[in-house]
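From first to last, the protein sequence lines stand for chains X and H. Residue numbers for the first sequence follow the numbering used here, beginning at 3 and rising by one. Residue numbers for the second sequence follow the numbering used here, beginning at 19 and rising by one.
If you're looking for bench data, these hints aren't it; they were derived computationally from the structure. Hints are not guaranteed to be accurate.
[Said to hold, decoys possible] Each computed DSS-like pair below joins lysine-lysine, with the alpha-carbon atoms no more than 30 Å apart:
hint, chain 1, residue 1, chain 2, residue 2
1, H, Lys191, X, Lys23
2, X, Lys23, H, Lys171
3, H, Lys171, H, Lys100
4, X, Lys23, H, Lys45
Given the structure is predicted, the values throughout are model-derived calculations rather than measurements.
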Amino acid sequence: MNCPLEVRENAAWLLDYASGKLDAAARAQMEEHMEGCPACREFAGGQQAVWQALEAWEPAPVSMDFDRRLYQRIERQVSWWSRLVRPFDPLFRHAVPVAAAAGVMCLAGLLMDRPAAKPAAPVEESAQVETLQPDQVQHAVDDMEMLRDLNSLVRADDAESKM
Amino acid sequence: MDERVKTDMGSLAAALDFDAELMLRVKEGDGASFGILLEKHRSPVIHFLYRMVQNQAVAEELAQEVFLRVYRSRESYEPTAKFTTWLFRIATHLALNSLRDGRNRRLEERLDDDSADAPVRQVSDRRPSVEEEMVHRARLDEVRRAVAMLPEKQRAAVLMHKYQEMEYSQIAKVLNCSESAVKSLLFRAYETLRARLAHMA
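Please build the complete structure, drawing on both the sequences and the hints.
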């Protein structure tokens, strides 16, 4: 194998060897190389010493109230609206999509239920139809009958006067 | 979100790691999953930050900020990488900012003040003598000083490599650099540490 110290890309092999991360085959290969390479032997020895020294550095235990403080901070950041709706959160989560779907379906139903558009008609005629009420029609018919009766009376009077 | 996309994200998360899956549940509003993530990663994150800034109170404060950011980002979370890569990226970013802000300007003083943070070594069969305890503390101080004197990025790389047992590729993603750059960082960092600590063997 090429000397890891001469090929920069392979230098990580020495780090991995010293930290015990190499698999058995690679480890054996490295040990075989180190038998004839004092520089790599020295490097690996020094690296193992560093590894052991770092091993001794134990961190302090975490404060007992770490989680409590964190949740307090999280709680402070939650908006008043989120707090208000939180008890109903599961309800909202399921109800809102269902309500939205129902709304869409109702709207679709209404649109489908509307009668087909009539062919365009003269504006005046359409306005008349829309504004006339049944009692108005009845009055108009009554008026027409009254006029017809009046006409016939007038004609009868004319005939009598000519005679 | 479209159901198919959701399923794809879920399977991607599962392929990446269980933590990412938990984070997706947090995104859905599951607070218990956040609790599981906190329980699992609380100590590694605080220990990493402690070794970075070498002050327990500052480390815990930064760790609070890390988890707060994780919680705040839950709605925009996408499992594009391992959860721990994301988590340590936040932690490293905050630690580097803290160091640059000068909050640790008086690091040397605190190294002395903070020595009380270090746990007392437990020996199962007998208590260490006062002399042994002093030697242990002196060696520990030496290690702490040697690590503290490393440039910040080298320090972060060493701590992730040694204590979090991260692969080079993951460290590269955390530090936002190439894998070969990480190997180079580590090589130089360990070279410095060997010069300072090799005599401790």
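Hints breached by this structure: When the structure is compared with the hints, only number 4 turns out to be violated.
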